[in-house]
Each structure stands twice: as structure tokens, then as C-alpha cells.
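Visitor: Sequence:
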Amino acid sequence: MWVAVDAMSGDYGPDRIVEGAVTAVNQDGRNVILVGKEEDLSEILLKYEYDPEKIRIVHASEIIGMNDSPSIAVRAMEDSSIVQAAQLVANKTCVGMFSPGNTGATMAAALLYLGRIPGVLRPPIAAPIPREKGAPTLLLDAGANVDCKPEYLAQFAIMGSIYSKYIFNIPKPKVGILSNGEEDKKGNSVTLKAFEYIRKLPVDFVGNVEGRDLYGGGRNVDVVVCDGFVGNIVLKATEGLSKSIFSVLRESIAQSSLAQTGALLLKPTFTAIKKRLDYAEYGGALLLGVDGTCLIGHGSSNSHAVRSAIRVLVECAERDVNRRIKEEIEKAKI
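Per the working numbering, the sequence shown starts with residue 1054, numbered consecutively.
Hints listed in this document are in silico derivations from the structure and should not be mistaken for laboratory results. Built from N, CA and C at the ideal position, the CB exists for glycine as well. Every clue listed holds true.
Straight-line alpha carbon distances no greater than 25 angstroms define the calculated SDA-like cross-link-like pairs of lysine to any residue that follow:
hint : residue 1 : residue 2
1    : 1296      : 1065
2    : 1218      : 1182
3    : 1218      : 1377
4    : 1227      : 1265
5    : 1238      : 1287
6    : 1202      : 1234
7    : 1218      : 1344
8    : 1238      : 1273
Have a look at the derived ranges for each label pair, beta carbon to beta carbon:
hint : residue 1 : residue 2 : range
9    : 1313      : 1114      : 47 to 57 angstroms
10   : 1307      : 1373      : 45 to 55 angstroms
11   : 1352      : 1238      : 39 to 49 angstroms
12   : 1124      : 1234      : 33 to 43 angstroms
Modelling step: build the complete structure from the supplied sequences, incorporating the hints.
Guide: Laid out in C-alpha cells, this is it:
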């Protein structure tokens, strides 16, 4: 199984991405196609030892920038690394693609070249949210669809449940709707109607959940569905809070020699906490519902994030996530 990696996008250029791909090859036995400027990528690869049969380069002369218009760029820049990676999945050369570049352009390329799984109304972004214990909570939609119909949320529940079961190894994922209260009658017109749809589906539906439940501090829930407008705000707020907490800790520790001594003793604990909250453990967020596998990485993805993304893409292919989604969507008849 080959994975296409957009090696030219992201905030820091190709070096970290290539490093992550080489690590995935050397330590996990993966097969990777690096997509981007061949001369640049070949030069970076000279730094490493690896099996040349497991890494290929597909040349792409263009790079879609973070500020480029997604739909215009994808159609106008057919030789971009994002588009070429999508085409490798579309023609079945690769089982999935990863890009830490322009999120909108990655989504647009996936929809244009891969299309949707039959029956899927709108593909959502499924973002893992770290929680107190166990596997992360899966939040979807995290930004692909700003305005949603109740039917979309019902399909998100199906797709999220399958992803959580087969990638996070949760036998029977509990599914909830993000709302402003746990009571069945709380919510807006969309979530109230979605509630009626989801309760009839073959998923373990727990009803409405609140924001605090995402992190394991309230009701036990594994998959949380909402529209992309709310989901993206929740995701960005979570990232911001995590950074702020560590920033406040660093400042407080720096102001006291006693605190610095304590911090040295607690360093293993801080490291474990940071690892648990690190997006790099999951590689990024999967665009579920497209007829191929597309993982959207953070712009600042490091080598560990790239390695994790490659692992997730291979696992999705090995565990037939898309086939299972297609079958369950057909059964639901939404």
C-alpha cells in the first residue's frame, strides 16, 4: 500500500515532511510517494538511509499557498503538489493522501478528483480531541460544512462511529450531538431534527452532550457531531486553550527557583501530558466520506505528525473504512 504525501506545503517547507516519511518507511515499513519539486526532494533525501524501493518521488512544479483561493487554485494549478497527490489516489496508485497545506484546497482537490462515496451527502472533517482517559473524542464536522441539514449530522454519526470503532479500536462508540444542554429538547431546529434521525440509527446514541463532555469531564461519549461552523470554533478554541495553559505554566515556573526545581522533578509528567494533547499523535483530521482517503494535516506538522498520518491512512485502507461507510450509509437510507 502506497501513500501520497504532499511534501511541499505546510509552514516549514519539505524538510520535516521528508523526515517523517523516511521514519515511516524505516520504522514502520510503509511505502511513500513524495509529491513535489523533484530536485528539492531528492537533495533532502540524500541526508537519510532508507530502502529506495519504498520511497518514490512524483514531480509537481507548483505549490498552492495558504492564502490562495482553494477552488480557483485547484483548477488552475493542476501541477501543484496537492492536486498531484489527489490524482495518485484517484487513479489507485495510492490508498490515501496527506497534506499539511491549504485546508480548503486539500478538500477541494479531494472532492474534485476522488468524489464522494455513493450516498454520502456531505463529507465532514473528523478531528480527534484528546480527553482525560483512553482514545480521543472524534469531533465532526470540524469545518468542512458551515451550514448543515439534519440529514448531514445523521450521516456524520454513522461515519464517525465507524472511524472510532476501526481506527481508535472502540468496540461500541457512544455518539452524541453537541448542544447547549443534555435534555432531549435542547438545541436548535437542526440539532432537534438530527436527534430524531440519529436515535433511529444502529449507533450507540447517548443524546445531547455539552462542550465539557468532549474532554471526558462529563458524559462518556466517543463521537460528537455538530455543524462545521460550531465544530471549527470548538477545535480552534481547544488548540488555543492548550497552548495558553503551557504558556502560563512556563511563565510561572520561570518566576520562581523553587518552581523550577519542582518542574525538573515533574518533567516526565509534563512530557506525558504534552504528548497526550499533541495533535501529532493522530497526524491530523480525516476528510470522511470521499471515495479515497484524505488526511488534512496541521500547517505546522512535524515529522512525528507526518509519520502518524501515514499510519492512519494505511490503517483506514487495511480496515476497509470506506467500504464500511458505504454499506452503512446505504442501509440507513438517509
